[in-house]
Amino acid sequence: MNIFTWGQSPWGQQILQHISWDLFWAALFAGLAFFVAHASYMYLSPHRKRKAEETDAMEAARPELPTQIVRHGGVARLFHWVMAASMFTLLLTAFLPIVGIKFAWVTWHWTAGLVLTASIVFHIVHASFWLDFKSIWVGPSDLPEFKAEILREFGHDVPGPKPGKYPLGNRLYHMAIVLAGLGVAVTGLLMMKRVRTPLFTRDPYLLGDSTWGFTYVSHGLAGVALVGLVIAHVYFAIRPEKRWITRSMILGRITRREYLEHHDPDRWMVDGSVSGGR
Amino acid sequence: MAVIRDVMPAFELFQPASIGDAQALLARYGGNAWVLAGGLDSMDWLKDRIKRPQAVVDLSAIAELRGVRAMGDGLEIGAMTTLTDVVNHPTVRERYAILTEAAESAASPQIRNQGTIGGNVSQDTRCWYYRAGWSCYRAGGNICYADTPEAINREHAILEADRCVAVNPSDTAPALIALDAQMVVRRGEQERVIAAEDYFVGPSIDITRMTALEPGDLLTAIRIPGTWAGSRFYFEKIRDRNVWDFALVSVASAMVAQGGTIQRMRVVVNGVAARPLRLRAVEDAVTGKPANEATARAAAELAIAGAQPLKFNAYKVPLMRNLVKRAIRGTEVTA
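Residue numbers (our numbering), protein chains in the order written: chain A, 1 to 278; chain G, 1 to 335.
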């Protein structure tokens, strides 16, 4: 399997062109293999589930909490779904021609790319000034939670830390999406200078051959990474035990019981019916 | 231009005697096989050592791929029929004069004796940046060298450029589209019949191919229905010299008129995009109108809508406009 494709410049130099499309198949396979392996594991292994009486007791101890708690505000949900639509459009327009479904994909692709970029910029501003910016990030202080989560995944009854607003898996996923998303957006904007659009004056010499090659390769690597990440995201969104999170991304709210069952109230404090809605 | 060398890279040469044998070879070698018809496009690629196929499948010994046959109210032309045979065929001359004219305008008599109609419609673009073996979009790379500020792009596209600005060089292609021809393509046991209009592919759909043919596919015949037989045809090819040259712009049209009013019409131009362009907007605009100067003028303006010339090919815009105008008026060119 090749990783990169190389070409020859008019000066006879070897130049990097883009990733090998073998990597797309590898990412698709990795994403689907993860899906099958995780689903099999979850089906076959016994898992700890909090007893109903335990959650009943927690709920009884916090009657002041509203029955419905806002987890994602309307603006945040709108961003998520706009980003999801643009991401699917980007992946389909990028990879369907590679699997043999030919159509005029370029305009659709860069248009979706601009929508994604705009939504990312919006999200950065919105999260920086209106949301709890730190709640989604991962740092060294999360190591105990990471250890507890791993042990729980393997069926151990660990009393360790529970997540704040976002489970550790969410935060790690967000980190990966940030890297791949920013990578694909920045390189994609540069690549728009190589094609005709009504927005930029075309300039194929904006960068040197090698830098263009690096840009195309980075775009491709981020793109195939997103194939695996999106498969994993969709998989977790439809898993039965995660559907409350998916529902909250549609309706914006979770129940008091879900809040107490899945979150550490000390790490995500809810004040009455008002909470930081990301 | 690439340096043409005397010795071609080594390949296995196969000369099957039947379509079945050729298909078996194409299936065996897939993308590593090269289909050789008349060899006029192929030899450049091979001698330049730009294309290095593992196997070359020479179709010249397959008798069933040659000849012009009656089929229903039209004709079926074997893909390996030479351009000279197409030009000289009495039925083609009588009913499909536009194809005669188009085929006769290709290259030189020697080349028409060797070149086939299948090869003529399936040949690759003549963009010299691409044919020089550089890693342009069409060659799988990420740049069009012909669409750069310094590029010599006098012969390149003014319409439908999508990263690549190469143009289709076929002379018979616009005539076949005007005649509503169908391309018969075989792969294994399967036979696909593709409208000539859809046989040619632009870079927005597939930047590395000029036609719908994929590895393993074999164009076996071209069918021309009777739909446009004997109608009023117009073909004109503008080139730098009057023999042995590719079109800068060409136009092919078929018109059915009654009492001076256009009942239906097909207009196709080539040399302006990576595929021959059927001008549907023009066809719609002229239907029901008188075939006169005013109609021709209005339609010609419509034809060039959206044209985006490169640095050195702006002349193609008035050229295309005038050719479309002439096609509608039906005025023959005078030197």
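What the hints contain is simulated information worked out from the structure, not anything from laboratory work.
Hints are supplied without guarantee of correctness; some may be wrong.
[Stated by the list, open to error] Capping the alpha-carbon separation at 30 Å, the derived lysine-lysine pairs in DSS-like fashion look like this: (1) K147/A x K134/A; (2) K325/G x K289/G; (3) K193/A x K311/G; (4) K102/A x K242/A; (5) K325/G x K102/A; (6) K162/A x K242/A.
For each hint, the structure was consulted:
With a C-alpha separation of about 20 Å, the suggested pair K147/A and K134/A falls inside the 30 Å cut-off, and the hint holds. At roughly 14 Å between alpha-carbon atoms, K325/G and K289/G fall within 30 Å of each other, so this suggested pair holds. A C-alpha spacing of about 18 Å is found between K193/A and K311/G, which places the hinted pair at or below 30 Å, so the restraint holds. Between K102/A and K242/A the alpha-carbon distance is near 36 Å, which puts this suggested pair outside the 30 Å criterion.
A threshold of 30 Å between alpha carbons decides the hint, and for K325/G with K102/A the separation of about 34 Å lies outside it, so the pair is violated. Distance check on the hinted pair: K162/A and K242/A sit about 15 Å apart at the alpha-carbon level, within 30 Å; holds.
Consistency note: the structure conflicts with the earlier hints numbered 4, 5.
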